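K.L.:
Take a look at the letters that make up each chain.
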Amino acid sequence: MKQRSYLALEGIGVTFATRNGPFVALQNIDLNVERGELVALIGHSGCGKSTLLNVIAGLTKASTGVIFLDGQVVDAPGPDRAVVFQDHSLLPWLTVAENVALAVDKVFAATLNRAARRDLVMHNLELVHMAGNAAKRPAELSGGMKQRVGIARAIAVKPRLLLMDEPFGALDALTRANLQDMVMELQASQGSTVVMITHDVDEAVLLADRVVMMTNGPAATIGEDLAVKLARPRHRLEIADTSGYVGARTDVLRFLYERFSHPGEKAA
Amino acid sequence: MASAVLKLVETPVGTLPENVVAPQPLRLALPVAAPVAVVPRSALQLWLDARAAAILPPLIMLVVLLGVWQALCSAPDARFPSPIKVWTESHDVIVHPLKGVSFDAGKIKVADGADVGILVHIATSLERVAIGYSLAAVAGIALGVLIGSSLFAFRALDPLFQVLRTVPPLAWLPLSLAAFQQANPATVFLIFITAIWPIILNTAVGVQTIPAAYRNVAKVLALSRPQYFFKIMLPASVPYMFTGLRIGVGMSWLAIVAAEMVQGGTGIGFFIWDSYNSSLLTDTIVALVYIGLVGFALDRIVAFVGRRIAREG
Ligand SMILES: Nc1ncnc2c1ncn2[C@@H]1O[C@H](COP(=O)(O)OP(=O)(O)O)[C@@H](O)[C@H]1O
Ligand SMILES: [Mg+2]
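Same order as they appear, the protein sequences are chains A and B. Residue numbering for the first sequence follows the numbering used here, beginning at 3 and increasing consecutively. Residue numbering for the second sequence follows the numbering used here, beginning at 973 and increasing consecutively.
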């Protein structure tokens, strides 16, 4: 029998019951992610990227198919698959440290004592350069800072899989570049396995080992799976005009704007 | 206020480099010391200015109102007492609000019966409100959380609550008197049944509208039910709860006066009824002022507590 990948999606389909009858959002999705890989999911808005991520997270039930993580079936949410939400989803009544502590205290309640958990919170805030803002509330932070905390909360529980849903979509270009560099550093130092949704072609090619492109919905599936063969560590300026980068970028653009142009433009 | 302090502190800091070049201790010390002496005074001045700007308009309004009232009611055959008449006729009520209360070796003793000062009546009313309202707060939040988090409970109970909440407080009084036999618990029950509906319904809305984002955080962390309740549900719905609690305290105060007027004995409602029966209209006017001020204070206290809790988390 063939060895399964670290994360294996087999025949995943999602059908929503809507007022106008069943709506097939995803169909027949097979996806394999190896340990330590960073996979970027890209596709037009509304194609079903968030739905797929939510299925992996266990927040949405798959109508068909199975998901294996490290050989085990997963079908309910759990902290082993941490999620960085697009809207950061920090709890506004808790401070930065308390937001991270909520996750750490839950996951390490039995294995670490209070002081060790506190250290873990601060360590992870240091990793995202937010230790100096530990006592602030989310309302006092900029969008980029909130997302740093969101990332700290996710990685602090040492998840087996890190899921990110357009984590930098709402940020300005400079902040986004900063955070992209930070994610690359974190992934290199922690060896995390990451599935990240993006609609930014440059972000996908810069960060990912593989760019998985989704066809347009309804009944979206995986259209192409492109390996980005660029050496790490990657520096955005150094790789910007290498043939590997430009080639990968062109491939993704071609997929998005030639083969699967935006549904709205196609109809016109 | 904060920005004013900041500005004044900034000025000496801005001039500091110039002084550093000439390292004479006296010149260095002077520009630093001088503003320190100025800061508190001008900050106080600013504070006083702000206070005056806030207090002056209502004060003028009050004087105008009293003046017009006096002018309208100063005719000898006026049916309605003028402010000056209120002052002279109800002088006793106004200057002896604590009649019947004696301080004895640090202990406060209150005379029994109805012939006590107006503040004693108010205290009696407040005590009833405190008991009835506290019970309503506890039961109301519990029921609100129940119907907010269980669709079955919502469908079962919401129609009942919607009907019952429209029943005027006084309509409960006969049932309440029949059930409790005594005036005091009957009034407390009346407060309870008046205040509970807005608390239930607002808490339920708060729980129902917890953003999906927070629920997803809880799911990903696999929080247990009690953890979800204390860490997500309660803090997320606190603002709604306090909206209900604030409406509830206002309604309690409305209901207590009506209830005491009907059921008699003690309390500020009884005081009003008694003054009407004794044709002491000026006493009624004094009581109205007190009731208004106490109701206002209750509303502000609940609002303040709500803001504090929402901020603390
Ligand atoms: N709970 C739901 N019920 C019905 N339809 C849904 C639901 N969630 C998502 N959809 C539909 O599924 C499609 C994919 O949505 P989504 O995964 O959010 O897209 P993306 O993240 O790629 O922009 C959309 O057409 C959306 O309207
Ligand atoms: Mg999405």
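Hints were generated in silico from the structure; no laboratory data involved. Among the hints, erroneous ones may be present.
Away from chain A, derived, C-beta distances all over 10 angstroms, residues of chain B [what the hints assert, rightly or not]: (1) LEU1142; (2) VAL1189; (3) PRO1207; (4) ALA1208; (5) VAL1210.
Derived DSSO-like pairs: lysine-lysine, alpha-carbon spacing no greater than 27 angstroms straight-line [unchecked claim]: (6) B:LYS1071 <-> A:LYS63; (7) A:LYS160 <-> B:LYS1191; (8) A:LYS108 <-> B:LYS1191.
Per label pair, the in silico range of CB-to-CB distance [stated by the list, open to error]: (9) A:ALA179 <-> B:ALA1015: 42 to 48 angstroms; (10) B:ALA1275 <-> A:ASN30: 45 to 51 angstroms; (11) A:LYS138 <-> B:THR1060: 55 to 61 angstroms; (12) B:PRO1198 <-> A:ARG37: 33 to 39 angstroms.
Computed from a prediction, not measured in an experiment: that's the story for all the values here. Where a beta carbon is used, it is the ideal one built from N, C-alpha and C, also for glycine.
K.L.:
Starting from the hint list further up, note which numbers the structure goes against and sort them upward.
P.N.:
Per hint list: 2, 3, 4, 5, 6, 10 violated.
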